[in-house]
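Those protein sequence lines, which keep their order, are chains A and B.
Using my numbering, the first residue of the first sequence is number 1, and each one after it goes up by one.
Using my numbering, the first residue of the second sequence is number 1, and each one after it goes up by one.
FYI, nobody ran anything at the bench for these hints, they're computed from the structure.
Please note that a few of the clues may not be correct.
[Claimed, not checked] Pairwise CB distance ranges, derived in the manner of DEER restraints:
no., chain 1, residue 1, chain 2, residue 2, range
1, A, S230, B, Q47, 43 to 51 Å
2, A, L537, B, Y279, 33 to 41 Å
3, A, G338, B, N151, 29 to 37 Å
4, A, F633, B, K240, 57 to 65 Å
5, A, S635, B, E314, 24 to 32 Å
6, B, K132, A, Y636, 31 to 39 Å
7, A, L650, B, K374, 41 to 49 Å
[To be verified] Derived DSBU-like pairs: lysine-lysine, alpha-carbon spacing no greater than 30 Å straight-line:
no., chain 1, residue 1, chain 2, residue 2
8, B, K161, A, K53
9, B, K349, A, K53
10, A, K53, B, K344
Note that CB positions come from ideal geometry on N, CA and C, so glycine has one too.
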Amino acid sequence: MIDIILAALAQMFTLEHFLYLSIGTLLGLMIGLLPGLGGTAMMALLLPFVFGKDPGPVLAMMIGLLAVNNTADTFPAVLMGIPGSSSSQATILDGFPMAKRGEAARALGAAFSASLIGGLFGALVLTLAVEFARPIILGIGFGEMLMLIILALTMIGMMTGASPLKGLATCAFGLLLGSVGTSRATGEYRFDFDTIYLSDGISVVIVGLAMFAIPEIVEILRTRVRISSSEKLGAGTLRGFVETLRHFWLVLRCSSIGTMLGALPGMGGPIITWIAYGHMVQTTKDRENLGKGDIRGVIAPESANNSDNGGQLIPTLMFGIPGSASMALFLGALIMMGIEPGVGMMTRHLDLTFVIVWSLALANVLGAGVCLVLAKPIARLTMVPFALLAPFMIGIIYFAAYQVTRVWPDLITLFVLGVLGVYMKRFGWSPPALLIGFVLSPRLEVVLYQSIQVYGASFLERTGVQIILALIVLSVIVAVRVRPQRRALTPDGPHAPIGLGPQLAFLAVVTGCAVYVAYQSFGFTFLGGVFPLSVALVTLVLLGMIAVAFLRKNKASSYIFYDSEREFQGEDKPLYSDWHYQAWMLGMIGGIALIGFVLGIYAFITTFLIVKGRTRWYKAALAASGSIALFAFLSYVLGLEYPGGMLQWLLPMPWPFD
Amino acid sequence: MNACTRLGTRALFRTVATLAVSASAVFAVAISAGTAAAAAVDFSGKQITVIVPFSEGGGTDGYSRLMAPYFQKYLPGNPTIQVVNRPGGGGLTGVNFYDATAKPDGLTVLALSTSALMNYALGDKRARFDMKDFVPIILSPRSSVLYVRGNLGIQNESTLKAKIEKLRTLGPEKLVYSGKTPTSSGLTYNLALSLLGIEVKMVFGLGGNGPMALGFERGEFTINSDNTLAYLNQRQHMIKSGLAVPLFTFGVMNEDGSISRDPALPDVPSFDEVYEAYYGKEPSGADYEAWKALMSISVPLSKSWNLKAETPPEIVTVWRDAARKVYADVIQSPAGQKVFGPYKNLFGKGAVAIFRDNTTFDPAAAKWLAAYVKDHFNVTIAAKTD
């Protein structure tokens, strides 16, 4: 076998192979940089050109495209708090606070080197998988899957924020949010308000943007001049690299998590990175800085989200079963080139399998290398006055949201959930907890149902299930024993029982939603309604406990209360309320409704730069035209369409304004 | 402008410049390598959009992306063709969008597949269009095959009748079958098994054919089904190892409405043959008619490209002529054979007739089917009868 491995490596360094791999990798990086766009669209464009081609270079190019998406998406996550893809949400938790401290380059350095090692680890596992993976994958049935989901759910015990009760309630609310849409088991439409849009459920991309990007932008606009609080870019890329090496053991553990879970179809990137982050929190002793810019919080998810490619390729190649859209395209390309997935990949096509392995490894090296070089120059963005940056970021976030299904409701959903995100952050309801509940919800529901259907209670007798059950118990014990890191209570700090009106109003709104879900669930068939109903009842119990705590403790400060507005006293108080910048976004949506997406964003950026950035009108107009160029370019290359407004409805407009 | 802003502007400029330079370099290389832009040759300046109401990487997406460059070649004037995915609502979101926005000028094409049509025909409330709004320009049938695990031992039974007898005695304890939802395309198989008196345990909520096949391979499911081409392309390892034993196919529907064997799996009997072997008579009755109605959505309408019905006839003719040439060319390539298989594609008026007839049910069959679905899965449907 060694000779085949080496022959494949030699093949990689022929000019043709290397060229194709490099093009794939660089395209993958560029596409990965932009939130909302993944390698999938690019892969789909390549598909027609693979027919009749020599498989080697084509496979190298496709692997290059998909291998580095989760490398480049770290830029927006760390620098701006925008999840570049749903697999980089967890990176924001510690990466963005580092950028705010002026340590963006260090965070990026650590992230890219972790990505690099993770990616190489994935390639290594894929090599070994040729011999060993089949029995392992076949050993993980619905019972084990269910236990893994529950194990992932226990991770939220570590991410509840100052008040564990509120954290649990937020997670339960996330589970409810995840049950919106067609019931997977019965096909009934749940909580869709008779819209087609909600019948597909809410996209994790939009929830991620609403929970992280929008609240951060609003807060920074209100309270800071630029993202970084320090005038200079602190310690650089190299330091981050060294720190990753220092945490090598953590990198390996998280890479294993990424590869193993990646090999299970249906797990998906967001679940995997959250599990890696949770694992890191559980196994860390000194937790003071976690969530406030700890380098380990960057290393853990970044090792996992690159290693999962190696994992995802295992079922794709060996069982002909793709775990994601890009893997489905990859599989389609294989079949169209006459390569039959399955056992043949380990015998007849072994040479190609190793071309894939080496491509994966090389693409990761190449991708991480380019990103490491670019890290410092791009990190300068955190030094730019935020008022100049924010309108572009808002435009890109809404562009990302629109890529989900490319209909108007994408924009509205982002705005509505963005409001939820802003107030969750203000009142101390943990966004990560909501997101974990949300991404796990559909999997939990169907796997629960499938395990019981296939095994009855007997699934508990399976060895794999028992092993994971032991891990769950361990995880719960750790979670219960850990005291969350929180600052001391003061009589008039953010935890003080003063001005409780807004907090109570928020609690009432959340409770109202849960009551609505519970009420509606009675109308469904048993299988369609039992999951949302049970979760809604649990949520209501938790919310009830919070309400009781509110009423009983309203004399003294308590962690159950939180209002970040009380962080600012006297002179520090921001000029504008938290509604001010959301109103700007609403204005932008109104503008899009009037004159269409491309012109609407243009008008928004120009106005914002003039009013908030104090830019001269012609400079603002010129800068904003950059956004038009970008949208036009993407529309041309990827065939994207943008939402139209009244104007487009009344008059035919030339491309790209149509 | 104060110092701070100037510094910031410079930093912004430098970042943008770095990005712009690297971006243009990459695209220059990409274009010279002739990969992404090779197809962008345009003689008449028209741009044609193909709406695929499913995500990238699905069967209909692959079918459309395979054909697009060929149409570019054979349509007069060689317009550019762009495939746009509009997934959602079981395919209905994209079809609704097409129905509401596309003009009858032959510049926008709709790709359709069984799963969207099945949702439509079973009366999904999200469908806001009528199949009469569309006219097919190429109709590509695909049959489908049901297979069971080798360890059930039905391959040891000598006659078809004995195989069915054996499956009937195994019952839902041993026979576990999976599906997306009760009314997804697997319904045709559920009904077929019911007609043979084979009781199975159904597990729903599977995300797609991949997870179903994996569950089958793990042994958690003992029955599985795939469209025949996917079965031949992606399940070879199960076939060779004897893990998957084919039981029957849907067969293919001839122009006179009769059903014959699936040409892609000529050794496997069709459902009709199995029915006849077991009951000793030709299949008939409202229950069989309901099955046949579902089959006629599944097989003859498996994949298609369509235009708006009001499109001027001369434009439709140009498209059909191009489609014939595309098919004749594409089927020469190995990739084309994988995607089209040995099935007889339809282009002309015959395609339109099949398309109209097959998406509606005979009233008696519709009534029977609604009762069956309610009875078995407690789900209410309103199958289309006109």
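Results of checking the hints against the structure:
1. A:S230 with B:Q47: 43 to 51 Å: 50 Å, holds
2. A:L537 with B:Y279: 33 to 41 Å: 50 Å, violated
3. A:G338 with B:N151: 29 to 37 Å: Holds, at about 31 Å.
4. A:F633 with B:K240: 57 to 65 Å: Hint violated: Cβ distance 48 Å, outside 57 to 65 Å.
5. A:S635 with B:E314: 24 to 32 Å: This hint holds: roughly 31 Å between Cβ atoms.
6. B:K132 with A:Y636: 31 to 39 Å: Holds: the Cβ-Cβ distance is about 36 Å, inside 31 to 39 Å.
7. A:L650 with B:K374: 41 to 49 Å: At 48 Å between Cβs, range holds.
8. B:K161 with A:K53: It is violated: about 47 Å lies between the C-alpha atoms, which goes past 30 Å.
9. B:K349 with A:K53: Cα-Cα ~36 Å, so violated.
10. A:K53 with B:K344: Holds, because 27 Å separates the two Cα atoms, which is no more than 30 Å.
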